[in-house]
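So the protein lines, in turn, are chains A and B.
Take the first sequence: its position 19, counting from 1, is numbered 4 in the working numbering, and each next residue is one higher.
Take the second sequence: its position 16, counting from 1, is numbered 350 in the working numbering, and each next residue is one higher.
None of these hints come from the bench; they were simulated from the model.
Don't take each hint at face value.
To be verified - Which stretches of chain A does chain B cover? Using the computed rule of at least three CB atoms under 8 Å from a CB of chain B, they are:
| no. | region |
| --- | --- |
| 1 | 50 to 59 |
| 2 | 71 to 83 |
| 3 | 148 to 161 |
| 4 | 236 to 244 |
Even glycine gets a Cβ: it sits at the ideal position worked out from N, Cα and C.
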Amino acid sequence: MKELSEAVKAFCEESLSPAGKVYLKISLAAVRRLAGQLSCSVKEVEISALSNGIVPERYERNLGTTGGLKGQILLLTSRVAVMGLGGLGGLAAELLARMGVGAITLIDGDTFSESNLNRQVLSTEENLPQNKADAARERIAKINAAVETIVFKEMAAGHNIEKMLQDCNLVLDCLDNLETRFLLQEACQKLGIPMVHGAIAQFYGQVCTIFPGDPGLKAIYSSFNKGQNKGIETELGNPATTPALVAAWQVQEAVKLLLKKEELLRNRILFIDTLQGSCETILLER
Amino acid sequence: MISIELALFATLRIYNPNGESSEPFKMQVPEGSTVAYLLETLKIPPGESKQVFINSCRQELDYVLQEGERVAVFPPIAGG
């Protein structure tokens, strides 16, 4: 759109990065104004700016990580699903929106309860018992208007999971039970998309990036524990901290995947032990 | 006897015979020992949830340990 291109150029201004480099930026106010004037989305304005070498100011500190403007465009033109919006997914959804992942599918049929308040960042004393996916949508809308959200206020199951994941580049496994986690891996395999698995219990957490065809969860969870749908978290609990650690690491893997970085946690699992103060990566059988 | 290297992670660290730790340690077991035998020797109750990785591959209880193998035992975690 030539008109949009010209408009973003007219609204950009010179700025100095923290490293002392001169660059062209466009403010949030200008992006909003152009979106209104030209009847296009905030995302379209931001992509047009980036395509013309102009940095939406809100992404300025992203660029070192995205590898420049092209990387930010990649994020803005991606769709990521977050399955489960509790301790892991609530924070993951927010971090994805802040990074500027342009479309996020939010999936959770559950509602907030008091026992969620210790760790689920989207829950507040005011919004009990709101649906978790709805709360995520509201939070994202406040953080980044460029992000399009699709909300599924239902639990994933065999009959609906593939529909939920349509058009997604990848999925974050932020679930809390093994049955649905395995179902998700199967669906991702069928759809040919990667997933980033995260799980926590008490002082411990784990992250693993799983591509279609990888053994993934089958290499992680032992048949010793057959019939178990949960891990040691049922006894040891879920504090505020480990879900935040693991969610952040999952989002970092997601960003690396979208940016086509190669050093992923693939066929290896990261095990975080905050009690011992150590991280281990264990290779998984291919 | 054969020598293996063992690490007991997270909640399983309490079964480390050298004191509560997840640091790897060397251990001697009779030739032909299985994973089940090892867990029994370490007094890890059969009902305790665990998964065993040998040289990075998850193995089952009947796996026969070999000289020099690295054994890591983790509890399953699945919370969100």
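Hint by hint, here is what the structure shows:
no.	hint	verdict
1	50 to 59	violated (count 0)
2	71 to 83	holds (count 4)
3	148 to 161	holds (count 3)
4	236 to 244	violated (count 0)
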